[in-house]
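What follows is each chain in one-letter form.
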Amino acid sequence: MSEEALGKLRTTEEHMDNFYKALAEGELDKAGEFLWAAVNALIHALALARGERLPAKHGPVRDFVRRLAGELEDKALWDAFRDAERLHANFYSPGIFEEEELRAMIDNVVYGLIEPLYELAESELRKG
Amino acid sequence: MPLLVSSPIYISNAPPSSIAGEACYVFITVRSRWLSRPYELSDGDIISGEIVEVHYKGEELEGLSGAPASFVLWTVAGRDHLYVHKSTWPLLRDHGVIYEGHIMVVRLDRVIRTSGQEVQLYPEREIKAEG
Numbered sequence: 001m002s003e004e005a006l007g008k009l010r011t012t013e014e015h016m017d018n019f020y021k022a023l024a025e026g027e028l029d030k031a032g033e034f035l036w037a038a039v040n041a042l043i044h045a046l047a048l049a050r051g052e053r054l055p056a057k058h059g060p061v062r063d064f065v066r067r068l069a070g071e072l073e074d075k076a077l078w079d080a081f082r083d084a085e086r087l088h089a090n091f092y093s094p095g096i097f098e099e100e101e102l103r104a105m106i107d108n109v110v111y112g113l114i115e116p117l118y119e120l121a122e123s124e125l126r127k128g
Numbered sequence: 001m002p003l004l005v006s007s008p009i010y011i012s013n014a015p016p017s018s019i020a021g022e023a024c025y026v027f028i029t030v031r032s033r034w035l036s037r038p039y040e041l042s043d044g045d046i047i048s049g050e051i052v053e054v055h056y057k058g059e060e061l062e063g064l065s066g067a068p069a070s071f072v073l074w075t076v077a078g079r080d081h082l083y084v085h086k087s088t089w090p091l092l093r094d095h096g097v098i099y100e101g102h103i104m105v106v107r108l109d110r111v112i113r114t115s116g117q118e119v120q121l122y123p124e125r126e127i128k129a130e131g
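These protein sequence lines map, in sequence, to chains A and B. Each residue of the first sequence is one higher than the last, beginning at 1 in my numbering. Each residue of the second sequence is one higher than the last, beginning at 1 in my numbering.
Hints should not be assumed to be uniformly reliable.
Capping the alpha-carbon separation at 16 Å, the derived lysine to aspartate or glutamate pairs in EDC-like fashion look like this [what the hints assert, rightly or not]:
1) 21(A) / 100(B)
2) 30(A) / 107(A)
3) 30(A) / 85(A)
4) 21(A) / 33(A)
5) 21(A) / 130(B)
6) 30(A) / 14(A)
7) 30(A) / 17(A)
8) 57(B) / 25(A)
9) 30(A) / 100(B)
10) 128(B) / 53(B)
11) 75(A) / 63(A)
12) 86(B) / 50(B)
Read the hints as simulated data drawn from the structure, not as lab findings. No experiment lies behind these values; they were computed from the predicted model shown.
Excised from the complex, chain B in its bound form:
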C-alpha cells in the first residue's frame, strides 16, 4: 500500500553535486507533503519501488511496467525532486526516456535513509499524488 506518483520527467543539466555519484540528470517530482515531510526524509535518501507505466503522448512504452526503480531525493521549496538512480537509468535510457514529454507513474514503497535505516512508505494505505 505505497505512494503512487504520476509525474512528467524533467531534464536538468546535472544533479546537485553531493548526489551526483548516485543520481543521473533526469528527475520526477512530488510535493514534499506527500513524501519527505511526513516521513522526515533528507536529501540523499534513496526512494525505491516499481514503475507502473511510462507514456509519451498518451501511448504507453512497452517493457517498463513492473520494473524496479530507485530515485535519489533532493528537496527544493516544498517539492521533492526524485532523481533517477544510476542503477535504474540504463533501463529508462534504453527505452528512450531521455527527453521531455514523458509521463512516469511509479509505485514507491520504501526508503533507505542515508543512515542506512529502511522505512516502509504508507504500509497501511495507498496514497496517490501528482508531481
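For reference, chain A alone in the conformation it holds in the complex:
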C-alpha cells in the first residue's frame, strides 16, 4: 500500500500547486476548493500508509479524521477539518463567508490539517 500512499501524496502536492496558483490570484473560493481536494487526497494517503483503504466517499473520510483526532487527542485537527468542509461548501455557494473569514479558514486548514497530516504520512511511510 505504500506505493499507493506515495501516489496519493503526489496527488496532494498537485492539488496544493493549484491551491497556491489560485491563492496568488486572490481567487479564494477556488483556492479553498483545491485545498479541500488536497485534504481528501492526503487523508487517503495517510490511511493507506497506516494500512487502511478508505472508500472514496465523504463519510469514511470524515470518520477517519474524527478517529485520528481522538487518537492523537488533538481537537484542533477536527476543527481544521470542519473548516475544510466549510471551504468546500463555500465553493458551491460563494458568498457564505467574508474574505477575512475565508483567509482565516484557509490558514487553519493549511497549518492545522495539511501540515500535521503530511508530516504524519511521511513518518508512517518512513517506518515502512
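The hints should help you fit chain B onto chain A, whose structure is shown.
Below, chain B alone, put in the same frame as chain A:
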C-alpha cells in the same frame, strides 16, 4: 552565488502563531527541495538576502531593487513558506506590495538558524528556483 527565487506574493490572515513575533502576514514560497531540505532548516529560521525586483502586471516597481530582505521560514507539505520579516515589511508595505498579483524575485544568500548558527546558501553556485 546564492539561491535566486521568483515567486508570487501570497496573503495569509496571519502567520503561524509561533513566528508571529517576527513575521508579517505576506509570504512567498519555494519548494523545500531547494532550501529547507538540503540545508536541513527548521521552522523559524531567518533567511536573508536582497530583493532583485518586484513587478506587478509586468511592470517593475522602482526603489526596491537591491534592498536587503529577510524572511521567516515555515514549511508545509514540501513547500517552504517565506514570511516577510517585520524588519523588511515597512519597505514593501510603503511600496504597496500588499495585495495579490505582485511577483517578487529575491537573491537569498544566508540563513540564521534558531540556534544562532549562520549558514551560507549555495556559496559555490547560483541556483534558480520558482515559487
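These are the hints, each one checked on the structure:
1. 21(A) / 100(B): Holds. Residue 21(A) to residue 100(B) sits at ~11 Å (cutoff 16 Å).
2. 30(A) / 107(A): Status holds; Cα separation ~15 Å.
3. 30(A) / 85(A): 14 Å, holds
4. 21(A) / 33(A): 12 Å, holds
5. 21(A) / 130(B): 12 Å, holds
6. 30(A) / 14(A): 14 Å, holds
7. 30(A) / 17(A): Status holds; Cα separation ~12 Å.
8. 57(B) / 25(A): With Cα atoms ~12 Å apart, residue 57(B) and residue 25(A) stay inside 16 Å; holds.
9. 30(A) / 100(B): Measuring from Cα to Cα gives roughly 15 Å; hence the hint holds.
10. 128(B) / 53(B): 14 Å, holds
11. 75(A) / 63(A): Measuring from Cα to Cα gives roughly 14 Å; hence the hint holds.
12. 86(B) / 50(B): Holds: residue 86(B) and residue 50(B) sit about 15 Å apart, inside 16 Å.
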